[in-house]
Structures are given as structure tokens and as C-alpha cells.
Amino acid sequence: MSQVQASDRWPDWLPWLAVLAMPPAAFTTLWSQGADWQISMFGATVATTLLLWFLSLLPDFVPALMAMLAFLVFGLAPESVVLSGFSSNAFLLTLSVLGLGAVVVESGLARRYSLMLLHHLPAHTLSHQIAVFMTGAIFTPMVPTIAGRATIVAPVVEQIANGWDEATRTRASTMLYTTGLDSVHYLAPIFLTAAPANLMIFALLPPQDQQAYDFIFWAYAASVTGLVLVLSYGLCAAWFFRRSFAKVPDTRERIGAELAALGPTTSTEWIALVGISLLGLGILTIGWHRIDIQYLALGVLCLLLLLGSLSRNTFIARIDWAFLALLGSLIGIIATMNHLGIDDFIVAHLAWLGLDMQQHFGRFVLLLAAVFLLARLVIPLNQAIIVFAAALLPIASQAGISPWAVGFVLLVLAETAFFAHQSPYIFLYDRLTSGVSRDVVRMRLFHLLLIPFKLAALLIAIPFWKHIGVL
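Under my numbering, the letters of the sequence shown match residues 6 to 476, in that order.
Hints listed in this document are in silico derivations from the structure and should not be mistaken for laboratory results. Fair warning: there could be bad hints in the mix.
FRET-style restraints, in silico, Cβ to Cβ [unchecked claim]:
1) Arg248 with Leu360: 44 to 54 Å
2) Trp326 with Gly80: 24 to 34 Å
3) Leu232 with Trp293: 25 to 35 Å
4) His365 with Glu263: 19 to 29 Å
Quick reminder that beta carbons are idealized off the backbone N, C-alpha and C, glycines included.
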């Protein structure tokens, strides 16, 4: 007898019935508890948005836009508050870095780099593993989406695997596939511009913290955790995949032919390289010129567009406009919550949690990890971060702890995924590396092994955070 699919267990209309029932149920519950009309309407709207996210009935930006529309229609806050996300510094920075990432990928610079790397590699699976991980790591601060980095790393993984003989592929393909996947997301929390989720956390920080946690200070505050993550990953991979290491046939001649076919570096590649260099130089000298990073990034993007690095159609196709809509709407939802004083209500009723953060931050990290990792089994990446960050960051701020620390803990924990539905970029990476065989169970065991090391990386950073004033 064939197994019954999950979607066949209930009619298609049943989830929508739950969505329709949520607003009146949530409104009535809040109203009966003494909440005023505005807070009851806000709670009903947000509860419905969360349910739509949980059920994945619509793309994630659609419920957020609908919530914003409801706030405007019912007059819960002025337009300047509800729509503030689309004029915020975080929105401007996100648009700029997404554009710069599109230039890097579209120019072909990433592919030329990958081929040059493969051309100089020793013929050994260990060197191939290191090269794949380093490729993802190098592009982490430059390409602002994990999916974008997956499109860079996946062809490298396929090229390496195709150059192996059958015995080596059987022995080491799982290692190569896993390393490629981890390289695009494992170090994402370390750099402000490395992932949309980072920019969501940045957008939820108070204005004074947004000024403090620019690219350099974000990376500095995350440096201890990042160092422990890299060292522990190397040790775990070396032990777990120790039987995958072996010499392989030399394919440098074939890679050299592909490089020769590319021809000399094109003007578009040079423009992309100059743009990255200008932004990097601007960030490194920000203490001298005092220009905010979002204006630097936008200036570099405008220069690249002026030089014709992206066509109109490519600019439209390569920018993640859906995420920008989600980000702008999210900032507006939080701004409306603050306008109604709901953040103060949350802080007042969860003051004990703020006290625990303040006095026992390490214990709070372990408790948060247990709850958040369980929630991530059923809630997708962005939605989980939004829900937990919106609840916890105001409490941290009230407790005298930088909300960045709580947001950073969430980001490190969020990049732990065992199933494709937990993180959408896994679907993309799977499709791009369809020719590379992998043992899924073995890969999940390796990711399970990494969890205690992630927690250790966060706990070890606590004294450093206290020293630099984060805690």
C-alpha cells in the first residue's frame, strides 16, 4: 500500500479556514483580556501573519505586506511609521549590497576565480575540500545572499567531482557536497553583509546600535566566535571525513584549457573588482571619512551602474525584490508595535527573562538554543528569526545588553539545518549539484556533531563581549 502524502491528510481549504478564523479569535481573546481596540487589532493582524508564515501558504513577503496594509486601513499608526521601513538605513544598505552581489556574480569574476583556484590545487581530496570551503568563505562578505554564493560554489563542487575517478567519487563525494553547502552559510553570521537574515537583525537594532555595529565592528564583535567556528569545523571535518582523503587524478590541464577559453579579463570583471575594492577601502577608512556604510555601498553601486556593469533587465532579475519587500514591511511592523507601546508591554511582562540575560547570559544562550533549534525544525529560516528577534531584542535592550548579542546568537543557531524546508537555499544547492552523489544521513550526522561546537563558540565569546561592552 502506498503511503499517504501529508497534503492528502486534510482538504486544501482547511488551512485557509484556520487563517480566516484567526483574526476574530485573536481579536476577541485580546479584547476580553482588557487590551484596547488598537492593540487587539494589531495582535489579530500579527497572529494571522505568523499563521500564514507557519503554514507557508503564500510567499513570505505577502503576509508582511498584508499586515502593513491592515495597519494603514485601520489607522493603527501614521503612514510615516508604517512605511518607515522603506526609507530606513537598513533598507538602503540591503538594496546596495544586493546590487553589488549581483555585479560580482553577473560579471563572471566569480567563475574566473574558481577556475584559477582549481588550476593551482594539488591533486588531493583534502586540498579540494579546503579550496571549496575557502571559496564560500571568501565570497561570504562580498555576496550578500546565501543563494548567490551557492551559485558560485556549486559549479566548483561539480567540476571537482567530475574530475575524480569512480572510486574517489564513491569515497569522497559526501564530504565535497557537505563542505560546499557549509561554505556558503556557516560563516554568514560573522559579516553584516553576508546574508539577508543579518540585515534583518541590523534593521531591528535601535538607531544608536545601527550606528555602532557597522561592517567593521560587527565583524570585530563576532571575531572570537568566528575563529572558534572555523577551527572546530576544520577539526570535526578532518575527523568525520578522515576516510575520504586520498590522491586523485590531476585535472589541471583541463582546467587550464577552460581558463584559456575564457580569454583575458573582461572590462565588466575589472569594473566588479574595482567596485569591491572601493567598498572595502571605504569600510576600512570609515573612521577617517565618517561616511555611513549604507551611503558608501549605494555610492559604489551607482558608480558600477553608471559604468554599465548591470543592464536594466539584469538589475531587475538579479535583485531579490521579494526580500526587500519583506524587510521593509518587517521594519514597519516593528515600528508600529513600538508606536503602540507593545514593546514596553512585552518587556514589562518578561522582565524576568531580561534579568536572566543580564546575570546569566551563558545559561540564557543554552536555553534559547534548545527552544530555537526545536522551533527551526518546523519554521523556515527568515520567519523563525523574525519572530524570536522581535520578541527578544527589546528585552535585551531594556536589560542593558546590546540587542546585537541576542540577534547574533539567533543568527548562529539559525544556520543549523537538517532538512531542505528549514532553509530554502538548500533546495537551490541540491539542484545545482544534482550530479554529485551524497549520503544524506551521514551529512545530517555531521551537522549534528557541529551543534555543541557552535554553542561553545558562543559561550567562549562571552568574556570578550563583556570586555568590549556588548554585554
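Status of each hint after checking the structure:
1. Arg248 with Leu360: 44 to 54 Å: Distance hint for Arg248, Leu360 holds at roughly 49 Å.
2. Trp326 with Gly80: 24 to 34 Å: For Trp326 and Gly80 the Cβ distance comes to about 28 Å; the hint holds.
3. Leu232 with Trp293: 25 to 35 Å: Given range 25 to 35 Å: holds, Cβ gap about 27 Å.
4. His365 with Glu263: 19 to 29 Å: Since His365 and Glu263 have Cβ atoms about 55 Å apart, the given range 19 to 29 Å is violated.
Hint compliance for this structure: hint 4 alone is broken.
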